[in-house]
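Chains as they are written, first to last, in numbering that gives the first Met the number 0: chain A, 0 to 288; chain B, 0 to 304.
No lab work stands behind these hints, which were simulated from the structure alone. Every value quoted in this text rests on a predicted model; they were computed, and no experiment measured them. Every residue gets a Cβ at the ideal spot worked out from N, C-alpha and C, and that includes glycine. Be careful, since some hints might not be right.
[Claimed, not checked] One side of the interface only, derived from the structure: several residues of chain B facing chain A at Cβ under 8 Å:
# : residue
1 : I11
2 : G14
3 : A17
4 : H52
5 : L56
6 : T124
7 : F232
8 : H244
9 : S272
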Amino acid sequence: MTSLMIGLVLGGTYALAALGLTMQYGVARIMNLAYGEFVISAAFATFVLFSSINLNPLLAMFIVAPAAFSISYFVYAILMAPLVKRSKKKGNLENDSILITFGLLFLVQGILLVLFGADFASYNYLNIPVNVFGITIAANRLIAFGLAMILGLSLYCLVAYSQWGITLRAVATKPENARLVGINVDRVAQIAFAIGGMLAALAGVVISMFQTFTATSGVVFTMKALIVVIMGGVGNFMGALISGLILGLAEATVSTYVDPGLTLASTYLIFLVLLLWRPQGLFGKGVVK
Amino acid sequence: MITGAKVSVAIIAFGLLALLPFFLEAYGLGLMIGMLSYVALATAWSMFSGPTHYISLATVAFYGVGAYTVAVLNEGISFPVILLIAVLIGLVLSLAVGVATLRLAGVYFVIFSFGLAELVRQLITWYEVNVTGTLGRYIFLPLEPQDIYWLLLGAATLTLIIGWLVRRSRIGLALRVIGDDEVIAAHIGINLTRTKLLLFALSASLITLVGAIQAPRWVYIEPSIVFNPTVSFLTVIMALLGGPHRLFGPLFGVVPLFLLFEWLSANFPNHYSIILGALFIAIVFVLPNGVLEFLDRFRLRRAKT
């Protein structure tokens, strides 16, 4: 039962991270391999704010998230926009973005290593047991889960029901047709990329509340977020939310009943089954070729 | 394309390189060993990723598997047999990865390869801690640095020869068609998955071989040492700088970059990764097709005016 709760908490953060990646890959068409580094950077930022000026992570969120939004906005303007322009002739945006963000990964990781070293970081926030439906769980995890769910669901509602959400989905499904109805695709892509970065940062804040992290743990977050995005179907927001929860539950189950050292292996096993059985994702439509 | 002069130049270069250990002191030899290993890695990487544009980020997964195989088997079996076993393990691993991902669009392959090294590292760590109870192994093999140098020279030459043969073969041509347009490739009767799978396995086996040959240099090996993501990173950046579409492209990327990295890691050990990342981004922006192509274009433009 406890593992179920832990799994849900973990899954909630994965869902949040995957939503951000859906924004960046599904809408903005940027395959961001440095995504996990954004998550970890935000976790470190929260860590610093908490340990230096004793700022509550829930408040730190209001500093970290806008900062991440503007940083991602400029990262897109400086690094991605020239590639988008260049790829219009050759159609190789995917490859270029993979390479650029692979370089970015090492750049950000290097900066984090210089600033914080290679040690595990964590802080102690609301680490008090709370009793929910007869299960004892740390309050910070409970808040993390609530936060992830509120953020995830509100984003989903925004995308599903607002005018802006329709624009976004139009760009996600048919970027070339979106232009015909007067949508500024490049502009939407840039905003989507920035929102994706913001969601990555929010996931980082949430994760830092209950997990230890190091400067080099970004890769694993990128990997998990990518797998969740594929599992949910690229560009499918509800799919990403549900798949995130599934992955979290699977991981918690494996680490409780099998071995904590095998969680990444279990993630990969899910990925493998997915590739062999439904590469278009559990909730995706159409054929991926 | 191939002339007697070119062949003789290649043979003379090989002969000179083979004689090098007699004139170099330990540091120079170490430098040459590192450089040769990256020549082999970057050339092997380009064999598959150059024509297909499927960027493999898993170089160190295979490299590490090769090195770790040597660490496990180094007592009791002769070195050539260990190398053979290592290559076979690399082959099986690459086939498994390829079967799962190469049927699909390229991005699935990239994502899978992205986390592969971390996965293998964690699995080996888990196995060693829980089953054998030993994390970290020693390699005691009667191999001098010059022996490793000659082996690597052989591996690099072998990789270049295989690369040359592949480029002239039907399968190499098929791979280039796939890279240009998969739909057309399928229409003219190329078996997409099989072609990609074969060349990926070939490239990965060569990478495994390089890892296995280099293993005795470490003496002490543990998963976090041999599965160092920097190896994957360096391989890609070197191949890109030189130009992965050409046989000798990676070679021209390796020599300057390896020397630069050597200097960087000596002078800026902490900021190494930052500079590398920035350099990588710059290369993707400025020289998307590699330095050789850039020079060719430059010469062409000069000739026109």
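Here is how each hint holds up against the structure:
1. I11: At about 36 Å, which exceeds the 8 Å cut-off, the nearest Cβ of chain A leaves the hint on I11(B) violated.
2. G14: violated, 37 Å
3. A17: At 35 Å from the nearest chain A Cβ, A17(B) fails the 8 Å test, so the hint is violated.
4. H52: Since chain A brings a Cβ to about 5 Å from H52(B), closer than 8 Å, the hint holds.
5. L56: Holds: closest Cβ of chain A sits about 7 Å from L56(B), inside 8 Å.
6. T124: holds, 7 Å
7. F232: holds, 6 Å
8. H244: Check failed: Cβ of H244(B) comes no nearer than 13 Å to chain A, outside 8 Å.
9. S272: Nearest chain A Cβ about 3 Å off; hint holds.
Of the numbered hints stated above, those contradicted by the structure are hints 1, 2, 3 and 8, listed in ascending order.
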